[in-house]
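K.L.:
All chains, please: the whole structure from these sequences, using the hints.
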Amino acid sequence: MARTRTAPTRRLLQGVRYHGFGATAAILFLAPLAWSVLVSFKPSVEARQPPLPPWPVGGFSVQNYDNLAQYGAGIWTYAGNSLAVSAATVVASVLVSLLAGYGFSRFQFPLKNVLFVLIISTVMIPFQSILTPLFLILTKLGLQNTLTGIVLVYVTLQLPFSTFMMRNAFDAVPKEIEEAARADGASVFAVLYRIMLPLVLPGVATVAIFAFLASWNEFLAALILLTDQKKYTLPVLMAAVRSGQFGTIDWGAVQSGVTLMMAPCLALFLLLQRYYIRGLTAGAVK
Amino acid sequence: MTDTPQLPDRPPRRLRTARQRRKQLVGLLFVAPALCLVLLFFVIPLGMAFWMSLHNWPLLGKPRFIWFGNYSRLFGDAQFWSSLRFTVYYTLIVTVAIFSVAFPLALFVEKARPLTKLYRTAFFLPVVVGFGSASLLWAWLLDVDSGLFSPAAYWLGLTAQKINLLADFDTTFWSIIIMVVWKTAGFNMIILLTGLQGISTEVQEAARMDGASPWQRFRRITLPLMRRTIALALILSVAGSMLAFDQFYIIADGGPQNSTITAVYWIFSQSFMSFHLGYGAALSMVLLAILVVISVVQLRLLRSPEGM
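Going line by line, the protein sequences match chains A and B.
For what it's worth, the working numbering labels the leading residue of the first sequence as 1, then goes sequentially.
For what it's worth, the working numbering labels the leading residue of the second sequence as 1, then goes sequentially.
Be aware that a few hints might be false.
To be verified - What the simulated footprint calls covered on chain A by chain B, stretch by stretch (three residues with Cβ under 8 Å from a Cβ of chain B suffice, anywhere in the stretch; the number is not a length): (1) 50-64; (2) 92-101; (3) 150-162; (4) 205-219; (5) 236-246; (6) 256-269.
It should be emphasised that the hints constitute simulated quantities derived from the structure, not laboratory data.
Ideal Cβ placement from N, Cα and C applies to all residues, glycine included.
P.N.:
The following block contains the structure:
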């Protein structure tokens, strides 16, 4: 048989095999996400039944979202907490790593390499092992159970990655560019803001998307450091719902919560995929 | 990088050093915020964790210094050892499972054909969803009444009744393995892909000309040349799995009968549910030591000369 196959037939068969595998695997990876999103739009009673079929049979409904909104202080409090924490972590991570990356890339000072390695090497220490002291330190600073406290922790956890990323971004910019600007009498900050910032924007995008995803999704530190229910972020609230702290588990409401938590991550990734993958491979290639 | 050596007797030296010193200071100021954060929220807590591990440290009341009392207690803590054993077991199995899915996927998406980008994105999407959301999603899929798997198996006639997958250790464990593979295979695929793309096509072509079969080429060329990438992906996966918490807490709550309590879960439970802060710190130190050893092995592997 194989001998008699013509080239076009062979190519067709290869194509069928390739896309058969690709489509099957893609469906397997996407199905759980789709299932959850579809079920979140079923009417509440239907969502309690096994999700076969996954799409709403009794008509499209936002009942699950209404039920979700009832938990505790109201879903918008928690979504607001999550959004505030993530936005602040993104802004602060970008700011701190922009300054540090520029400092490490362009200046000479005593212990420079030691300090750089100190920041980078914290990636080797699991933060799970310092949660108790973090709790006590934040308490001492009056920041325990505050969103500010958890933002500071998240920014610190992002630092090895964000500092490394931004130093590399600045290293890739030729020195002549800023020397010309300095010769024209521009101040250090003006050079950084007006001239360098536009050149390292791809690095900033990478740092920002990693900071967002990490802080939006983080669970353990938030579970420990936020003790007051009103301060919960979405993952902590939803885990409490799942564990039955708000009574019988309403799986429809849980899936609407999951959809709410997944949506920004998926949207952001699809929009900024290039910068995200760059961040991933920066570590792998190094 | 050291400072450029200073010539001793150039006339405007004082002026130059003053300017240099100012530039040094500016540099230090730029990195100061990052340094302060790392000191306050990483270095000091790390030292404190060790200090606390030498104390009987209740949530309220005065800590009492007990030397290495917590560490000796740890040897007799059956739950600690079973958690550690379970964590290592989980890490081994999940790492093998992730690789046996991620490697074929990486090979599949390596060559650009129509729709390859779309497939790659599809495989990767679960990665950007948080472990918390993914665990909540799967906790539902695994639910005996409202979930997908056991009702579907029942309706298809595969099981005589709806089976509660979370009531038995093996079904809980393997369900979580499948969930983690689904969630992280795409990540490892991308890491492995960078390694694959780093292999020059000429080498592969030359081997093909010499009559090497696809399997021989994979075994003799691809695998050896990807040693560094594989090591990196492996270590990331091992370190991540050793610290697993979210999925076991959210999906299984450590059950059934505490059989899926991981190391981090046990630290969490000792520190923040029983409030044995000193003992929890000692447990943390042990876990930290294990992970540092893993990281050091990683650096060794990555630096070894036979790599790429």
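K.L.:
Evaluate each hint against the coordinates.
P.N.:
Right, here's what the structure says about each hint:
1. For the stretch 50-64 of chain A, the stated coverage by chain B is satisfied: 3 residues place a CB nearer than 8 Å to a CB of that chain, which reaches the threshold of 3.
2. Given as covered by chain B, the stretch 92-101 of chain A passes the check, having 5 residues with a CB less than 8 Å from a CB of that chain where 3 are the minimum.
3. Figure legend: the stretch 150-162 of chain A, annotated as covered by chain B; annotation consistent (5 residues with Cβ-Cβ distances under 8 Å, at least 3 required).
4. With 5 residues carrying a beta carbon less than 8 Å from a beta carbon of chain B, the stretch 205-219 of chain A meets the three-residue requirement, and the given coverage holds.
5. Against chain B, the stretch 236-246 of chain A contributes 4 residues with a C-beta closer than 8 Å to a partner C-beta. That satisfies the three-residue criterion, and the hint holds.
6. Against chain B, the stretch 256-269 of chain A contributes 8 residues with a C-beta closer than 8 Å to a partner C-beta. That satisfies the three-residue criterion, and the hint holds.
Hint violations for this structure: none, all hints satisfied.
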